[in-house]
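Top to bottom, those sequences are chains A and B.
Positions 1 to 134 (this note's numbering) are the ones given, in order, by the first sequence.
Positions 1 to 87 (this note's numbering) are the ones given, in order, by the second sequence.
Keep in mind the hints are simulated off the structure, nothing from the lab.
Hints may be right or wrong, so weigh each one.
Stated by the list, open to error - Derived pair list, reagent style BS3-like, types lysine-lysine, alpha-carbon separation capped at 30 Å:
1) LYS82(A) with LYS126(A)
2) LYS85(B) with LYS82(A)
3) LYS82(A) with LYS83(B)
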Amino acid sequence: MAEDQQALSAPLFPITQLAYFAPREFDQMALAQEELPVQSETLSSAVERFCTTRRLLSWLLIALQMVRESFPQSSPTVRVVKDPDSEDEWITIDVVATGEVSQVIDAERRFMRRLLERLPESESDKIRLAYDII
Amino acid sequence: MPERKDTIMLFGNPTEVSEVPIAHSEERANEYELEDGSVIRFRAVATAVLRIDNQFDGEGNPLYLVKNGQVVTVVKAPDHLRKKKAP
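Chain A extracted, bound-state conformation:
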């Protein structure tokens, strides 16, 4: 269920169809929205601009959710990084991880495996993780 710790919104019904629902049926669909909390992220203008122009926002939210699951004690921050040589740009999620080095490395591997399973290949180098261990 960890991956489902996000909100379920109302279904995608055209507004003109709402009147056709029995009230009980529609109330139940609305209740689904309340079953899971909404993931809320505050991003800098630079990160928001980078992600919206490249259609990465949803992938970034998914990645941040995975980071919190893999590094439960951390408060991830996000920045845009630009390679001065190649002018390549990407998003880096920074975390400060606590625990044994081997545990942190395992957590990073789990995170990367899950992220690569979800992200399209073309976007996989656009979201990266950097961590410090304390």
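Once you have looked at the hints, place chain B on chain A.
Below, chain B without anything else, positioned relative to chain A:
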């Protein structure tokens, strides 16, 4: 990407769904000017769309649920609300 089958809990009951990949998205922002002088931008972002298997609305359309997150960006904030820089 292929659809992915999953089971989620809805109303306390396990419910079979298919996660449908998003082929194209337009994520527009809402912008709000606050009384404290700040301007914030808000976006609702779908992170997954689930079609509930074998469930239909009154017109026979499939039922969809959207997993989503929200993104808030501070576009502008007055100086007195910003974190003070160390001297």
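Okay, the hints, checked on the actual structure:
no.	hint	in the structure
1	LYS82(A) with LYS126(A)	11 Å, holds
2	LYS85(B) with LYS82(A)	25 Å, holds
3	LYS82(A) with LYS83(B)	26 Å, holds
The structure meets every hint from the earlier list without exception.
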